[in-house]
Amino acid sequence: DAGVIQSPRHEVTEMGQEVTLRCKPISGHNSLFWYRQTMMRGLELLIYFNNNVPIDDSGMPEDRFSAKMPNASFSTLKIQPSEPRDSAVYFCASRGTGELFFGEGSRLTVL
Amino acid sequence: QQQVKQSPQSLIVQKGGISIINCAYENTAFDYFPWYQQFPGKGPALLIAIRPDVSEKKEGRFTISFNKSAKQFSLHIMDSQPGDSATYFCAASKEGSQGNLIFGKGTKLSVKP
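Line order of the protein sequences matches chains A and B. Residues 145 to 255 (this note's numbering) make up the first sequence, in order. Residues 63 to 175 (this note's numbering) make up the second sequence, in order.
No lab work stands behind these hints, which were simulated from the structure alone. C-beta: ideal position from N, C-alpha, C; glycine also. No false leads were slipped in.
As a list, the in silico EDC-like pairs of lysine to aspartate or glutamate whose alpha-carbon atoms are at most 20 Å apart:
id : chain 1 : residue 1 : chain 2 : residue 2
1  : B       : 120       : B       : 93
2  : B       : 120       : A       : 243
3  : B       : 67        : B       : 88
4  : B       : 104       : A       : 243
5  : B       : 167       : A       : 188
6  : B       : 133       : B       : 115
7  : B       : 104       : A       : 248
8  : A       : 168       : A       : 155
9  : A       : 222       : A       : 188
10 : B       : 104       : A       : 155
Chain A regions said to be covered by chain B (calculated; three or more residues, Cβ under 8 Å):
id : stretch
11 : 189-201
12 : 246-255
Now the in silico label distances, taken between C-beta atoms and shown as ranges:
id : chain 1 : residue 1 : chain 2 : residue 2 : range
13 : B       : 141       : A       : 198       : 36 to 46 Å
14 : B       : 122       : A       : 205       : 34 to 44 Å
15 : A       : 200       : B       : 84        : 24 to 34 Å
16 : B       : 134       : A       : 224       : 35 to 45 Å
17 : A       : 194       : B       : 130       : 22 to 32 Å
18 : B       : 130       : A       : 255       : 42 to 52 Å
Let the hints inform the model, and build the full structure from the sequences given.
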């Protein structure tokens, strides 16, 4: 299996622009997670889905952030409008009945 | 509120030495305690995990020690190697491995040759 696939790997954008991060979970995994990693706050859970349904979005910073999972093989995390403080590495992870597998992350820089 | 506190923030160890990273948790409902290893430019990957019904788990050079009464657990890396240089995260969850993980802030380990 190719593992969890994220795109883009790197994104540089200007403040106010819309950013869309994409994730393809491991086939057969029914839970998908979005994390944000910064030096100051470490790894923070933003939202997670179970069987494509959002279960807990309490970690989403504010209304500028939204996430969707239209089917079992695809999820997006959207930031609109983006701000410099959103600069971070965003990880997608998926899980079946066992351990959590992370993608390689999307490094976002908002200027 | 930080539910999992990890220390030290960074650690430098000589090749062949023992690396020790500590974590403390607050929520007594936690019942699954994994350690993740992250190399630069990569996502975290599960290294080793323990449940509170045992006090120690060993896998090769990596050992988790667990102290339920103190609500603390630690990772020991024996015979540390330069290839072990990475960031290590402890985590905890309720509902076993199916629960949501709460991560510590990470420890950057450098093993000097």
